[in-house]
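Residues 16 to 255 (our numbering) make up the sequence shown, in order.
Since the hints were derived computationally from the structure, they do not count as laboratory data.
In this text, a Cβ means the ideal position worked out from N, Cα and C, and glycines have one as well.
Heads up, some of the hints might be wrong.
[What the hints assert, rightly or not] Taking lysine-lysine pairs in the DSS-like style, the calculated list, with each CA pair at most 30 angstroms apart, reads:
no., residue 1, residue 2
1, K201, K183
2, K50, K157
3, K191, K233
4, K47, K155
5, K32, K218
6, K32, K169
7, K148, K130
8, K183, K32
9, K47, K120
10, K133, K148
11, K171, K155
12, K53, K32
13, K32, K50
14, K157, K169
15, K53, K169
16, K53, K171
17, K53, K157
18, K158, K53
19, K32, K18
20, K50, K148
21, K201, K32
22, K201, K184
23, K169, K158
24, K120, K130
25, K171, K50
26, K158, K148
27, K171, K47
28, K53, K64
29, K120, K101
30, K169, K50
31, K133, K88
32, K169, K56
33, K171, K184
34, K47, K157
35, K88, K101
36, K164, K50
37, K184, K157
[What the hints assert, rightly or not] Derived Cβ-Cβ restraints for the label pairs, each shown as a range:
no., residue 1, residue 2, range
38, N245, M178, 30 to 36 angstroms
39, D161, N245, 34 to 40 angstroms
40, D172, F136, 51 to 57 angstroms
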Amino acid sequence: MSKPMALLAYQDADLEKQQIDAAVRTTANRQKLNKLAKYIKQQQATLTKLSDDMEAFSASLSRLNTQYDAVLKRLDLETSEFDTLKGDEECTSEEMTEFRQDIEKLNREANGLEKEIKQLFQNLEAAVTEYQKTRQQGAKAKKEYDQLKVVCQKEKDDAAIDMLAIDKKMEELERKVSPALMTRYKRVRAHHSMPLAQVQDGKCSGCNMALPSLTIRKLVNEDMILECENCGRILYADNE
Numbered sequence: 016m017s018k019p020m021a022l023l024a025y026q027d028a029d030l031e032k033q034q035i036d037a038a039v040r041t042t043a044n045r046q047k048l049n050k051l052a053k054y055i056k057q058q059q060a061t062l063t064k065l066s067d068d069m070e071a072f073s074a075s076l077s078r079l080n081t082q083y084d085a086v087l088k089r090l091d092l093e094t095s096e097f098d099t100l101k102g103d104e105e106c107t108s109e110e111m112t113e114f115r116q117d118i119e120k121l122n123r124e125a126n127g128l129e130k131e132i133k134q135l136f137q138n139l140e141a142a143v144t145e146y147q148k149t150r151q152q153g154a155k156a157k158k159e160y161d162q163l164k165v166v167c168q169k170e171k172d173d174a175a176i177d178m179l180a181i182d183k184k185m186e187e188l189e190r191k192v193s194p195a196l197m198t199r200y201k202r203v204r205a206h207h208s209m210p211l212a213q214v215q216d217g218k219c220s221g222c223n224m225a226l227p228s229l230t231i232r233k234l235v236n237e238d239m240i241l242e243c244e245n246c247g248r249i250l251y252a253d254n255e
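Based on the sequences and whatever the hints tell you, model everything.
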């Protein structure tokens with residue numbers, strides 16, 4: 016067997032291995048598993064955001080409640096002083112007006128804070144509800160993911176038997192190829208899934224680039240190994 020044909024046999028086995036590996040990674044179960052993994056990741060990100068939101072809402076509620084309590088205390092104090100002044104004959108109308116304005120201002124401030132607190136509390140309740148819902152959905156997806164992962168592992172284990180047989184075949188074929196040529200093959204393999212390209216109608220079948228006539232003549236010698244100057248694939252002519 017010529018050097019190119021020995022290497023071609025190795026490539027055929029290599030492609031068969033790639034096909035089995037691709038088949039395992041693209042089964043319906045594997046695709047569903049990948050979707051579940053992506054979904055679970057999104058759910059975790061959502062939970063993190065909701066958790067941050069709840070913490071922020073709680074902190075804001077605490078701050079606003081403190082402000083609200085302080086305003087109510089000031090309002091009680093102002094109202095008490097106003098009631099006292101109403102019985103004081105020496106209190107002027109200007110002082111009474113000023114107290115009324117202060118009390119009205121405090122009432123507006125208290126009402127505004129009360130609305131903010133109510134809205135924040137609603138936001139917090141909504142975030143808690145969404146967090147619980149998302150957590151339940153995530154737990155359900157995780158359970159399904161774990162079950163499906165076992166199925167996918169079984170598919171992978173079954174394929175491993177065929178992969179092992181091909182690995183042994185590739186080892187036998189590799190012994191028929193020189194180390195230097197195998198090094199070249201693996202170097203090209205890093206860029207092309209099919210490192211070898213047949214010469215057809217004077218062109219490289221890998222990139223369809225026309226080859227110099229000198230290159231084609233050299234390939235008549237079955238021991239000659241050449242690479243396409245355009246794509247770098249190892250060329251061969253099917254002389255056999």
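Results for each hint:
no.	hint	in the structure
1	K201 to K183	holds, 18 angstroms
2	K50 to K157	holds, 12 angstroms
3	K191 to K233	holds, 22 angstroms
4	K47 to K155	holds, 14 angstroms
5	K32 to K218	holds, 28 angstroms
6	K32 to K169	holds, 18 angstroms
7	K148 to K130	holds, 27 angstroms
8	K183 to K32	holds, 11 angstroms
9	K47 to K120	violated, 61 angstroms
10	K133 to K148	holds, 23 angstroms
11	K171 to K155	holds, 24 angstroms
12	K53 to K32	holds, 27 angstroms
13	K32 to K50	holds, 25 angstroms
14	K157 to K169	holds, 19 angstroms
15	K53 to K169	holds, 21 angstroms
16	K53 to K171	holds, 20 angstroms
17	K53 to K157	holds, 11 angstroms
18	K158 to K53	holds, 14 angstroms
19	K32 to K18	holds, 21 angstroms
20	K50 to K148	holds, 20 angstroms
21	K201 to K32	holds, 15 angstroms
22	K201 to K184	holds, 17 angstroms
23	K169 to K158	holds, 17 angstroms
24	K120 to K130	holds, 15 angstroms
25	K171 to K50	holds, 18 angstroms
26	K158 to K148	holds, 16 angstroms
27	K171 to K47	holds, 15 angstroms
28	K53 to K64	holds, 17 angstroms
29	K120 to K101	holds, 19 angstroms
30	K169 to K50	holds, 19 angstroms
31	K133 to K88	holds, 20 angstroms
32	K169 to K56	holds, 24 angstroms
33	K171 to K184	holds, 20 angstroms
34	K47 to K157	holds, 12 angstroms
35	K88 to K101	holds, 20 angstroms
36	K164 to K50	holds, 12 angstroms
37	K184 to K157	violated, 39 angstroms
38	N245 to M178: 30 to 36 angstroms	holds, 33 angstroms
39	D161 to N245: 34 to 40 angstroms	violated, 49 angstroms
40	D172 to F136: 51 to 57 angstroms	holds, 54 angstroms
The structure shown violates the earlier hints numbered 9, 37, 39.
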